[in-house]
Amino acid sequence: MEPELATPFRERAGRALDDRFLQEALTVATTKFITLRREAFAELPEGDALRDQARAIKEATLQRLDYWLERLIERIESRGGHVHYATSADEARRVVLDIARRTGARMAVKSKSMATEEIHLNDALQAAGVTPVETDLGEYIIQLAHERPSHIIAPAIHKTKGQVAELFARELGRETEPDPEVLTRIARAELRQKFLDADLGISGANFAVAETGTVVLVTNEGNGRMVTSLPRVHVAVMGVEKVIPSMTDLAVFLAILAKSATGQKLSVYTSLVNGPRRGGEPEGPEELHLVLLDNGRVRQIAGPLREALNCLRCGACLNVCPVYRQIGGHAYGYTYPGPIGILLTAMLNGPAAVKDLAHASSLCGACMDACPVRIDIPKMLIELRREVDQQGIAPWPERAVFGAFAWLLQRPRLYRLSARLGRLLQRPFVRGGRIRWLPGLFGEWTRTRDLPAVARRTFHERWAALEREARR
Amino acid sequence: MTPTAALMITCLGDVLYPEVGERIVRLLRGLDVRVEFPAGQTCCGLPLFNSGYHAEAAAVARRTVAIFAAAEQVIVPSGSCAWMVKHEYPGLMTSVAERTAAERVAGRTHELSQFLVKVLGRRRFRSAVGGRLTYHDSCHLLRGLHEAESPRALLRELAGAEFVELPGSDECCGFGGSFSVRLPEVSTAILDKKLGNVEATGADCVVACDAGCLMQMRGGLARRGSRVQALHLAEVLEVEEPLGGAP
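If you read the protein sequences in the order shown, they are chains F and W.
Residue 1 is where the first sequence starts when you use my numbering, and the numbers rise one by one after that.
Residue 1 is where the second sequence starts when you use my numbering, and the numbers rise one by one after that.
Same shape as in the complex, but just chain W (with noise of 0.2 Å):
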């Protein structure tokens, strides 16, 4: 049977990266998952959360659970916004009713690594990109989420691409969400130093699934001139062609 998952584009995703949930649309097909994308889904609150707004974040959470009500599986391509739906939107909920269906659609949410190496068993793609890749543990898909293997073991089996640790990969790159702008000096510090572990290892590129390190970081290399690039998990997957003669 075909699988069929919704898609969370949030936010930061669904405007300054469509073409990363573009991305995940074609990956998913090509692995025979039917997707859909649940119409009126907006942003998951995370960042009303995080500053302190509970009531105006459980408002968001309960729109957000009624729009993925219905579906079999979550796609959330962003380990903050996953960690969210998964860890904060039940305790969100001030009725048994919401709380359930809340706990409900955290139990059916994915983020992309996890979706792919978890649910559906895939770990062998090709690279759509060459060269050497390190990857950058998000705060809230490793500590939250407690995901450090389903990435990487994407990377390490990636067809076409050399895959390298990052040092201090599990240290936050000073995003941080409205942390960026209050404290931008501290944020860009903690960035720059991300940054200095990510050129030191001689990657063409680092790899994250969030959408809110890759802002922070594509935006420090751009600025910095950098030749490294920062991608999206989904960018650098390519389905493999199946192998002739392979059971």
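Only chain F is shown next, with the shape it has when bound in the complex (with noise of 0.2 Å):
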């Protein structure tokens, strides 16, 4: 279990709005975002064509990834790399484990990857041995703050500067102004060293072309460059589904991909790796691991999830949607935070894991419009409510408070009675028309906010003297 589930999924909600910090941390960065990804997009006429197009790839590599990915392992190995399929996170842990013990390596150095996190692969490097460093400088300083990611491509904006300045002040013992400038030249200096000592750099990977069998990397600060060159050992890790067919589909997915993510028309590093150091190359490493990471994914080809598979892992659902603006990542508890984060928990985890995340949405649909590949995250949501109930996942009160309104919507007769019902029974709580404290699960809305008193006379029974008026 994830550290952060002791607590109630509600409660870690609550903490976070109680927390000024994250509060100021995260309205400002998401603001900024929506804002840059806005604008950046208003320039682009063609950027609805685009995300149509990206979709359309993302569907038909789907249809065909047994296919693509036997074409990426085949081009890999021809060009000298080796590629491993991992079925469980257990498996890539062990995979990766594995390659470091051959290699004899003592440190690794990492470019930012969810599919690392994912899988917990630093606590294992660390368990044998092997000391990782994050070399992004988000990662870098939730790794110093012994914490993780709370966004999928921001992973320490929960942070404001100030709190890094302390960190690094506490850590590093480098007392300084929280100018991120500053603080950004501290961390590249500490990381400097590292690069040139790691026997092992290990990555993500936001797509590999099956065709050209080349991982792609897209990062802004150019140490995924270092990372996959460096060290004598490159090993990247790639869910199954970031397989696209040919270098067209990958332009198409460049010229999106920044722009919902942070509003830049290209990130500053555009990594094309292809394979290890070749006869007669000066530098690259000698070997190259491809780790394909399955962990339910390919389950979810046939199953109720499968849209959620044509993520880019932007991050713009995140920005946008109103309770992650509030709750900021680490509320949601899973390596994932976020609308596209509750049906990847889902998917890696199953239905029971997301009973309350599930709910953790208004369904306000701010996520699918963000989207670059319009992913349909609130249907997929209520689907997971859906499984959440019929499973019997969801608690008994709940079911039967809505089966007896279902069955009460039926009974137009009694439906018409139940206002009157209410109207006796609200009688003691409403003053001038309003309601100020209810019991129950009723106080849970008349705590913040006023509730109406059911009207003396409904529309229905309103409706004869309407029709009396419309004769005269």
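Hints listed in this document are in silico derivations from the structure and should not be mistaken for laboratory results.
Think of the CB as a built atom: it goes at the ideal place given N, C-alpha and C, for glycine as much as any other residue.
Honestly, I wouldn't trust all of these hints.
Stated by the list, open to error - Simulated pairs of lysine-lysine, DSS-like, Cα-Cα distance not exceeding 25 Å: (1) F:379 / F:355; (2) W:193 / F:32; (3) F:161 / W:193; (4) F:194 / F:161; (5) F:265 / F:32.
As the list claims (entries may be wrong) - Reference listing, derived: stretches of chain W covered by chain F, where coverage requires no fewer than 3 residues with Cβ under 8 Å from a Cβ of chain F: (6) 99 to 112; (7) 123 to 133; (8) 152 to 162; (9) 171 to 179.
These two chains come separately, so use the hints to put the complex back together.
This is the structure we're talking about:
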């Protein structure tokens, strides 16, 4: 079980709401991301068409995933790379640890990767005597803080610059102003030697191009390039759904990925890794390994969460989600936060894991609107709620209430009577047409909001008079 | 020929805001529309659907389709209920005949502002309230039915009131049906942000086209003792007197 899950979700969310620093950091960062994304797409008239195209490519690739994976494996192996298929997180960890052991690795530099977070690779490396060093600035910050990413692309989004300065002072002994530029320079200096000393470079992958056997990394700091080229051995861990057929397809995705994520036209670095160092090449790793991670994904090709396999991990749905914007990523409790994270959590951990999280959405649809490949996240959240109800995971009183409500809605006479009953029951609580306090479930509403009283006469009860009015 | 419209007054509108329904009836009659209120209607079933009770929602959908099967036009004064009928009803049906019937009703169903602007082609109204108005996009109307323009067209051209845009008008108010009581703290935090934006516009009134959003925003405004009112679109529209000499 994840460490955060000891407390119920609602309580975790409540704590996040009370965290002044978190609130400040979240508001600033998500507002900035939203504005930048909107501006980037405003300058791209073909944006909508590209999004449709990207979605179509993803769907077509999923249709023949086995074929494209075979092509990819064949191409990578023909260049001297190695491909490993891991059915589970445990298998993926074992593959990486075996490589580390065989090559005698003592230190691994890592570029930002949600897939390695998903399989909790850092803990496993540490336990096996290999020191993992995160080299993406955000990841570096949270590694120093012994935390986990709270956003798919901005792992330290929950921290203010003041908090980072305090962290650097405490962990690195470097007192400094909370100036992002100065802080970055400190991290850069700390990391430089690590790159040179590391035996192992571990990365994720944004895409892998089947026809050319290319592993594609999109980064902003250049650390990805160093991770994949300086150490003797490079291991990339990638979800199986990230394979795309061709370079032409890649161009479509690159045109929308950074815009959706950070509002950049392109990210600063787009690294295309084409196998290990070959004879005559001055640099590059001696070994390249690609770990293809299934971990519940393949099952969903024919499952209710299929569409979630189209996700590019851009984080746009997190930035626009009113719930994420209030509670941040850690409150969700699993590796992947936000609206898409709920779906991915269900994919990796089963529907029981999201019995509360499936309801952590007002179903406002902002996520689907922002998603570069238009994943219908609200539809799948509702689908998960349905699964949770049907499998009896939802608490019985809740199922009883909804059952009774459905029964009532099919009996119009009783439905109309229930308004009268409501009028009777509410009597002690109504003041000036409003209710300021109610017990029980309704109390969850009235603690912060007034509730309108049941009207003295419902619309149904007024209709006869309205009809007479028309005849006059 | 006088158009006829069947009103679908769903649960919150029936029980909590009947005066909105009344205003709609008078507004439509003022525009020469014959208004019907088919007997036996209850709720569109959206609360059941959104919480994952699909078999139950389908049962409610089936009877609602039957009740409105004969209607020429169906008017729903709430974006989310309109979305439920238009977007989800057909998919809930299990037989071809049922599905065809549901699609027929869906095709004839309009949210109120859409009916006024797109079906009747009426944009000029007089304001029933004075001062400055702003508009909150309900999520289902905006992103579900892709309707941002009709309500704004009506409010912009409203005689006797000033319309201002609401910053972040496309952001959720935090209602979300059962979400508002399952996670009341988060729901309220989202609402507070919305109401802060509303108050910053200096508007006297925030207009919405969804009973859920209105319940949420009114509840929050009353609790904070705000002078701002949250009103349904129908509560601010009045039919303009025919202008003397106009063609």
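_Hint numbers contradicted by this structure_ = Of the numbered hints given earlier, those the structure breaks are 6, 7 and 8, listed in rising order.
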